[in-house]
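All chains should be built: construct the whole structure from the sequences, respecting the hints.
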Amino acid sequence: MKIGEFLLTSFIFILYGISMQLIFFCSGFLMKIADVEQCAFNSWYHTFESYTQESIFINLPDDLIASLTNDEFILPKSAKPTNGHLSDLDNDGIWSDYSDTDEKNSERPEFPQFESQLKSIIRKLGGVVFPKLNWSAPSDASWMSFDGSLKCKTFSDIYLLLKSSDFAAHDLTAPFALCTDTPAEKNCCLFNSKPILVLRRWYDFRPEEEFRCFIKSKVLIGKLIVVLRPCVLFALLFYMRFKLSYML
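Oh and the sequence shown: position 107 is 107 in the working numbering, straight run, nothing missing.
Derived by calculation from the structure, the hints in this document are not laboratory data.
None of the values given here were measured: they were computed from a predicted structure.
Fair warning: there could be bad hints in the mix.
Stated by the list, open to error - Derived DSS-like pairs (lysine-lysine); straight-line CA-CA distance at most 30 Å: (1) K216 - K194; (2) K124 - K151; (3) K124 - K153; (4) K194 - K77; (5) K151 - K119; (6) K119 - K77; (7) K151 - K77; (8) K77 - K153; (9) K194 - K124; (10) K151 - K194; (11) K194 - K218; (12) K218 - K32; (13) K77 - K124; (14) K153 - K194; (15) K194 - K119; (16) K194 - K32; (17) K153 - K119; (18) K216 - K32.
Next comes the structure, spelled out in structure tokens:
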């Protein structure tokens with residue numbers, strides 16, 4: 001991308017962020033715990049199940065939550081190089097040189113029952129899944145993947161992404177921190193929401209055709225259709241504007 005195009009798209013992205021903040025500020029919107037809970041995946045999925053990709057969600061066990069929120073970065077005992085996230089480590093000879101003696105002071109966690117349940121779900125969803133928690137996907141940790149995606153085939157892949165993600169950490173530790181009715185001493189509590197792991201059937205979506213849409217009273221609000229990645233794909237969207245106008 002040329003410098004001029006980069007500056008233009010960056011400027012557009014900044015304007016987009018400012019405009020969204022102004023919308024909430026001017027509307028006097030105050031975020032409540034109940035509002036955040038209604039946005040949790042398990043609160044809306046069954047209502048829109050026929051309009052989105054097949055997904056299965058399960059509760060996260062307490063020991064796995066503790067492992068994910070622990071400051072130490074230790075892969076579980078079952079972690080093996082099985083796909084794009086880990087297989088290249090073995091090809092480079094890095095994984096094969098690894099041994100338990102490298103972690104003398106720490107035990108590698110294991111979750112056999114949960115992993116068995118996860119394997120069954122992944123098989124049911126076609127063998128490849130997209131993971132997320134109650135609200136957030138670990139998209140900020142995609143750099144941990146060799147192909148830059150959130151495509152997962154095993155528990156190890158999912159664990160690696162969640163463990164590396166600040167978005168996931170926020171879901172697990174302080175999802176209501178910005179709510180106006182959250183007591184300060186309970187910022188880290190999930191209240192009525194239990195931490196869940198969502199596994200969604202994997203699809204290769206075209207990123208330039210992904211939009212965030214808003215519906216009010218069962219009607220699509222055309223003025224509030226927002227491009228998810230305006231800073232990256234704006235130039236392409238400009239040439240697709242007539243096709244998109246017809247589709248939307």
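Tested hints:
For a cut-off of 30 Å, the pair hint linking K216 to K194 stands: about 28 Å separates their Cα positions. At roughly 15 Å between alpha-carbon atoms, K124 and K151 fall within 30 Å of each other, so this suggested pair holds. A C-alpha spacing of about 12 Å is found between K124 and K153, which places the hinted pair at or below 30 Å, so the restraint holds. In summary, the hint linking K194 to K77 is supported, as the alpha carbons are separated by about 26 Å, within the 30 Å threshold.
Proximity of K151 to K119 is assessed by CA-CA distance (about 15 Å); at most 30 Å being required, the pair is judged to hold. Proposed proximity of K119 and K77 is supported: the alpha carbons are some 16 Å apart, at most 30 Å. Of the supplied pair hints, the one linking K151 and K77 holds, its CA atoms being roughly 21 Å apart against a limit of 30 Å. Our distance criterion of 30 Å between C-alpha atoms is met by K77 and K153, whose separation comes to about 17 Å.
Among the hinted pairs, K194 with K124 is consistent with the structure: their alpha-carbon atoms are about 24 Å apart, no more than 30 Å. Under the criterion of a C-alpha separation no larger than 30 Å, the hint pairing K151 with K194 is consistent with the structure, at around 24 Å. For a cut-off of 30 Å, the pair hint linking K194 to K218 stands: about 28 Å separates their Cα positions. A distance of roughly 23 Å separates the Cα atoms of K218 and K32; the hinted pair therefore holds under the 30 Å criterion.
Among the hinted pairs, K77 with K124 is consistent with the structure: their alpha-carbon atoms are about 24 Å apart, no more than 30 Å. A distance of roughly 24 Å separates the Cα atoms of K153 and K194; the hinted pair therefore holds under the 30 Å criterion. A distance of roughly 22 Å separates the Cα atoms of K194 and K119; the hinted pair therefore holds under the 30 Å criterion. Between K194 and K32 the alpha-carbon distance is near 17 Å, which keeps this suggested pair within the 30 Å criterion.
For the proposed pair K153 and K119, the alpha carbon gap of about 9 Å is at most 30 Å, so the pair holds. Annotation: proposed proximity of K216 to K32 holds, straight-line Cα distance about 19 Å (limit 30 Å).
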